[in-house]
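Student: Each chain, written out:
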Amino acid sequence: MKYIDEYRDGEVAGRLLEGLRLATKKKLKFMEVCGSHTVAIFKSGIRDLLPDNISLVSGPGCPVCVTPAEDIDRAVLMARLPGVALATFGDMIRVPGTKTSLQKARAEGADVRVVYSPFDALKLAQSEPSLKVVFFAAGFETTSPAVAATLGRAVESGLENFFIFSVHKTIPAAMRALLDTPELSIDGFLCPGHVSTIIGTRPYLFIAEEYGRPAVVSGFEPVDILQSTLMMARQVEEGRPAVEIQYKRAVSEDGNPKAVEVLYRYFEPSDSNWRGIAVIPGTGLKLREQYSRFDAEKVFDVRPGEPHEPKGCSCGQVLQGIKTPPECKLFGRACTPENPVGACMVSYEGSCAAYYKYGRR
Amino acid sequence: MCVGIPGKVVKIDGRMATVEVGGAERDIALDLLDGVGIGDYVIAHAGFAIHKVDEDEAIKTLEVLRELMEAMGEDGGPCTL
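Residue numbers (the working numbering), protein chains in the order written: chain A, 756 to 1116; chain B, 2 to 82.
All the given hints hold, so there is nothing to weed out.
Here are the simulated DSS-like cross-link-like pairs (lysine-lysine), alpha carbons at most 30 Å apart as the crow flies:
no.	chain 1	residue 1	chain 2	residue 2
1	B	LYS53	A	LYS878
2	B	LYS53	A	LYS798
3	A	LYS798	B	LYS9
4	A	LYS1078	A	LYS1066
5	B	LYS61	A	LYS798
6	A	LYS1066	A	LYS859
7	A	LYS1013	B	LYS12
8	B	LYS12	A	LYS1003
9	A	LYS1013	B	LYS53
10	B	LYS61	B	LYS12
11	B	LYS53	B	LYS9
12	A	LYS878	B	LYS9
13	A	LYS1053	A	LYS859
14	A	LYS1003	B	LYS61
15	B	LYS53	A	LYS1003
16	A	LYS1013	B	LYS61
17	A	LYS878	B	LYS12
18	A	LYS1112	B	LYS61
19	B	LYS53	A	LYS1041
20	B	LYS9	A	LYS1013
21	A	LYS782	A	LYS1078
22	A	LYS1003	B	LYS9
Now the in silico label distances, taken between C-beta atoms and shown as ranges:
no.	chain 1	residue 1	chain 2	residue 2	range
23	A	GLU1093	B	ASP14	40 to 46 Å
24	A	GLU1008	B	ILE60	22 to 28 Å
25	A	ILE1077	B	LYS12	45 to 51 Å
26	A	SER882	B	GLY36	28 to 34 Å
27	A	LEU777	B	GLU64	28 to 34 Å
28	B	ASP57	A	GLU883	42 to 48 Å
No wet-lab data here; the hints were simulated from the structure. Glycine residues also receive a C-beta, built at the ideal position from the N, C-alpha and C atoms.
So here's chain B without its partners, still in its complex pose (with noise of 0.2 Å):
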């Protein structure tokens, strides 16, 4: 499924960052986005940052994704977090 989802970027470690969704943590490859911080907000998708958002943009984001993915169930698509 192409849906990426916004985390918080809470480590960085040369071209990996451990990204935040929910208190969940995962690690993230940045191999595809230049200048991303700690404390920035990323779209990730299949274990790659494609995207930097907002806070508020992250939020509502994972809101609405959240019911998304609830509704297709946990089957191991492409998903990233």
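Bound conformation, chain A alone (with noise of 0.2 Å):
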């Protein structure tokens, strides 16, 4: 129990865990889908202190690590056309592309712009008439809305040097392709926290009522996690499977209506392929067709080669938690966060870069 004196709330964390050993003996493997909490989950060690009849498992929830490297190809592509600049947000750049990252294509000339923010894309592209921005788009839906939001503020302006290319990806659908896949045996779901403050709960509904699971929304903290887990753990035991919030203070059922509106204003529902898994019908998001001026995909004719994948990378696998981080051939030997093979060990919301960094002792 070495990891319980570290927590802040260590008595808290400790009758959580009591409350786990008795609230059900069934054995039980619930999933999260949210890269902040796998980071939470390997930092605080958690998984050890479990009872032995409780897992979680980490799944995709890391945007960075499920975009395919075809979008990677194709950003590099379009970063190396003459008079344009790929804006990206920071931690896109060392994924491994087929045969590059953007972070090689920049280190060689190619235009390659780092930003926290779409909107740092819009100004630049406002303040350089002559050059065309195209700012990669990539997140789940806590990011997609500020990106709409973003395309928003350029079409009012008549903005004719601002594209999107939209690797965007939403996560119900893709949580309904885990629950349809059976060897993956998701007893439950903890649920994304800051996605949720975005889209409520109801897209979440259907685990609960279609598929008879718990899904809990979850904060950040350790203590958050165990009670979320615990929450999990009775609804099993007690045969009332349902969607409920812990993590209160950011999410409610509502969610953001308004900015979920902004979103579908820009965007619509198209299939995505997620990286190492499969495409998914209906998990990605591309913009609607009335704005293809600004579709970065249609205005430049980029062909990238055929894709495949780094030789001996487990990602697809370590994504939908069939295999741990230290399961892959390359974990900690070809592969580290130094020198990373696969998008899971590049992001830090990745789970073999989490592993790393966490599990190993």
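Both chains come to you apart, so use the hints to assemble them.
Tutor: Written out as structure tokens, the structure is:
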């Protein structure tokens, strides 16, 4: 029990763990699908403290990790076009494409700019009218409304040199696909924190109503995660699957309806390729037809070659909780945070990076 | 990273707010959140306010997230402030 003393609320954590031990004898496997939960769980070491019959598995909650090689390849080609600057979130630049990454392309002269907000990309386009600015739009529902709102401003001001390359994904339909994969044996979901701030809890109702499993929206502290796990265990034991909110201070049932409205004003669902997993229908976001003039994939005709994943990389299985990072042949040997081979090691929210940092003793 | 950070609104100019977190000020857009006033605490992500919180909730969340962010390093993910 060496980590309990390190918790801010050690006593509370202790009581929650005791509650978990008493809650059920059933063997249960719960999955989280939020990169920040991945890090919080690894950092706190609570996996080791859970009773033997309860396990917490990391799923594909890291938007960086699930961006396929061909999208990176496309972004690199766009960045290399004369007169084009590719603006991107920082954590995307080291993700390996088929042959190279945005960071390496930048070192070779491609115009790649790291931004903290899509708004910064917009401001760049406004300040340099002769530069074509493509924003490489990655992220789940916490981020995509911000991109939509930014596009809204571009539309309002009639900007002609601002484009969006959307690789956005949405979570609920991916959760359904994971539930439909019987070998994963998921008994319940820890639902993402800030994605839920935006979408509320109704998108998760199908988990309880159609699949009869618990879904609890959790905060990021160890005690939040423990409490959420306890809530799920109790639901299963008492036979009352439901969607519950543990993270009450940031999440309501309604979410942020304005953000959702803005998002779907400019984007619509599409099919999306989840790196190493599969194309999951309805889990992508693409620009609506009437905004095609802002759609980088339509405006810039780039043709990446045949994509392929790095040899020996088990990211796809790690992302589905089928393998743990140490079960990948490359983990800690050919693949480390300093020299990452796969996306799960590149992103600090990736399971492999988190395990490398916190899991090795 | 989809982790939003809470901050206090100290100035509003149309659709832009100036939000203060631990002494640092950041411009945050209000396109996604109505009814924000000066003195309110908001959670912001990728440069946009997405949720209003109470002051004590904000302070608690900030503490938790600071630890998490220190752990993750400052690599320029879609962090807010």
